[in-house]
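There are 2 protein chains.
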Amino acid sequence: MKNSSRREFLEKSTATLVAGTGMTILASSEATANSNVDAQISFVHHVFFWLKDPKNKQDYDQLLAGLRGLGKIKEIKMAYIGSPSINEFDKPVTDASYSFSVLLIFANKVDEEKYLVNPLHKKFIEDHKNLWSKVVVYDSSTI
Amino acid sequence: MKNSSRREFLEKSTATLVAGTGMTILASSEATANSNVDAQISFVHHVFFWLKDPKNKQDYDQLLAGLRGLGKIKEIKMAYIGSPSINEFDKPVTDASYSFSVLLIFANKVDEEKYLVNPLHKKFIEDHKNLWSKVVVYDSSTI
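Chains A and B are the protein sequences, given in the same order.
Sequence positions in the first sequence follow the numbering used here and run 1 to 143.
Sequence positions in the second sequence follow the numbering used here and run 1 to 143.
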């Protein structure tokens, strides 16, 4: 299935959360027909935060509240905050030492950069940077 | 907005790609009304692969094809393969040394574990593990 018809297929069969942006699908063309695989992710900004004092509930709640506040920024298409999880199969290669996984989906890199310099994002960093010991960012664009 | 009404809001206003599963939203309740923020992510399995020989196009293509083949596995709700990207703002804390970012969304941990032990996934590892020097897995469940 070519890109154009794949897109058409997706537009017909699913809602497009990220309307008009590039889409990618992990699956081969046969699997595109599997409606479980509806990938509308074009640019991924995944940030991991390690709290200085991970057992301090006040610090945890404060950073979580700050992270939730970022969702107001309009360029964000999809957002998710997660806690570490470990599966037995991947245990030897899993990093579950972080406090928060923050996954943000953007339409493209330009939108991500608008988000990053938004005053709300900058204020979030100023107000909360004393709480974390480490931050790691993984950015990627669809292949 | 309580969880139940937030879910109701989302069900009314957006399609649910991950129907019937937990949803999370980064945003505060005010931002929930921002239709740009439609997060339907419940369990995230994010895997980074480092090729042994990152400049070898044959190895790159072979691993990419193998990764795409995994999309056939039915438990996958959303899937994405990305290439590293660097933004100026986060550059000091960005890891862009990997070859592939593979982001898979599952309805829950049980579905992820079914995926992991699927013979197709196990065969993918056997057939491609000679190509990578490092794999790091970050699993998380919605807060």
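Take these hints with a grain of salt, some might be off.
[Claimed, not checked] Mimicking BS3-like on lysine-lysine, the simulated pairs with C-alpha atoms at most 27 Å apart in a straight line are:
1) B:K91 - A:K114
2) A:K55 - A:K123
3) A:K129 - B:K109
4) B:K114 - B:K57
5) A:K91 - A:K134
6) B:K129 - B:K114
7) A:K109 - B:K55
8) B:K72 - A:K134
9) B:K72 - A:K57
10) A:K91 - B:K72
11) A:K109 - B:K91
12) A:K122 - B:K57
13) B:K74 - A:K91
14) A:K91 - B:K129
15) A:K52 - B:K91
16) B:K109 - B:K129
17) A:K91 - B:K52
18) A:K72 - B:K134
19) A:K91 - B:K114
20) B:K123 - B:K134
21) A:K109 - A:K55
22) B:K72 - A:K129
23) A:K109 - A:K74
24) B:K134 - A:K91
25) B:K122 - A:K55
26) B:K52 - B:K129
27) A:K52 - A:K122
28) A:K114 - A:K134
29) A:K109 - B:K114
30) B:K91 - A:K74
31) A:K123 - B:K74
32) B:K123 - A:K91
33) A:K134 - B:K91
34) A:K72 - B:K123
None of these hints come from the bench; they were simulated from the model.
Bear in mind the structure is a predicted one, so any value in this text is a computation, not a measurement.
Hint check:
1. B:K91 - A:K114: holds, 15 Å
2. A:K55 - A:K123: Answer holds: A:K55 to A:K123 is near 24 Å, not above 27 Å.
3. A:K129 - B:K109: Judged against 27 Å, a Cα distance of about 31 Å means the pair is violated.
4. B:K114 - B:K57: violated, 32 Å
5. A:K91 - A:K134: With Cα atoms ~22 Å apart, A:K91 and A:K134 stay inside 27 Å; holds.
6. B:K129 - B:K114: holds, 20 Å
7. A:K109 - B:K55: Answer holds: A:K109 to B:K55 is near 24 Å, not above 27 Å.
8. B:K72 - A:K134: Cα-Cα ~36 Å, so violated.
9. B:K72 - A:K57: It is violated: about 41 Å lies between the C-alpha atoms, which goes past 27 Å.
10. A:K91 - B:K72: At roughly 24 Å apart (the allowed maximum being 27 Å), B:K72 and A:K91 satisfy the hint.
11. A:K109 - B:K91: holds, 14 Å
12. A:K122 - B:K57: violated, 39 Å
13. B:K74 - A:K91: Given pair B:K74, A:K91 holds - Cα atoms ~23 Å apart, limit 27 Å.
14. A:K91 - B:K129: At roughly 16 Å apart (the allowed maximum being 27 Å), B:K129 and A:K91 satisfy the hint.
15. A:K52 - B:K91: holds, 21 Å
16. B:K109 - B:K129: At roughly 24 Å apart (the allowed maximum being 27 Å), B:K129 and B:K109 satisfy the hint.
17. A:K91 - B:K52: Holds: A:K91 and B:K52 sit about 21 Å apart, inside 27 Å.
18. A:K72 - B:K134: violated, 36 Å
19. A:K91 - B:K114: Measuring from Cα to Cα gives roughly 15 Å; hence the hint holds.
20. B:K123 - B:K134: Holds: B:K123 and B:K134 sit about 18 Å apart, inside 27 Å.
21. A:K109 - A:K55: Not satisfied, since the Cα-Cα distance of roughly 35 Å exceeds 27 Å.
22. B:K72 - A:K129: violated, 41 Å
23. A:K109 - A:K74: holds, 14 Å
24. B:K134 - A:K91: holds, 14 Å
25. B:K122 - A:K55: violated, 37 Å
26. B:K52 - B:K129: Holds. B:K52 to B:K129 sits at ~10 Å (cutoff 27 Å).
27. A:K52 - A:K122: Given that 27 Å is the threshold and the Cα spacing comes to 20 Å, the pair holds.
28. A:K114 - A:K134: Judged against 27 Å, a Cα distance of about 23 Å means the pair holds.
29. A:K109 - B:K114: violated, 33 Å
30. B:K91 - A:K74: Within the cut-off at roughly 23 Å; holds.
31. A:K123 - B:K74: At roughly 42 Å apart (the allowed maximum being 27 Å), B:K74 and A:K123 break the hint.
32. B:K123 - A:K91: With a Cα-Cα distance of about 18 Å, the restraint between B:K123 and A:K91 holds, given a limit of 27 Å.
33. A:K134 - B:K91: Measuring from Cα to Cα gives roughly 14 Å; hence the hint holds.
34. A:K72 - B:K123: Distance of about 43 Å is beyond 27 Å: violated.
Going through the hint list in order, the structure does not satisfy hints 3, 4, 8, 9, 12, 18, 21, 22, 25, 29, 31 and 34.
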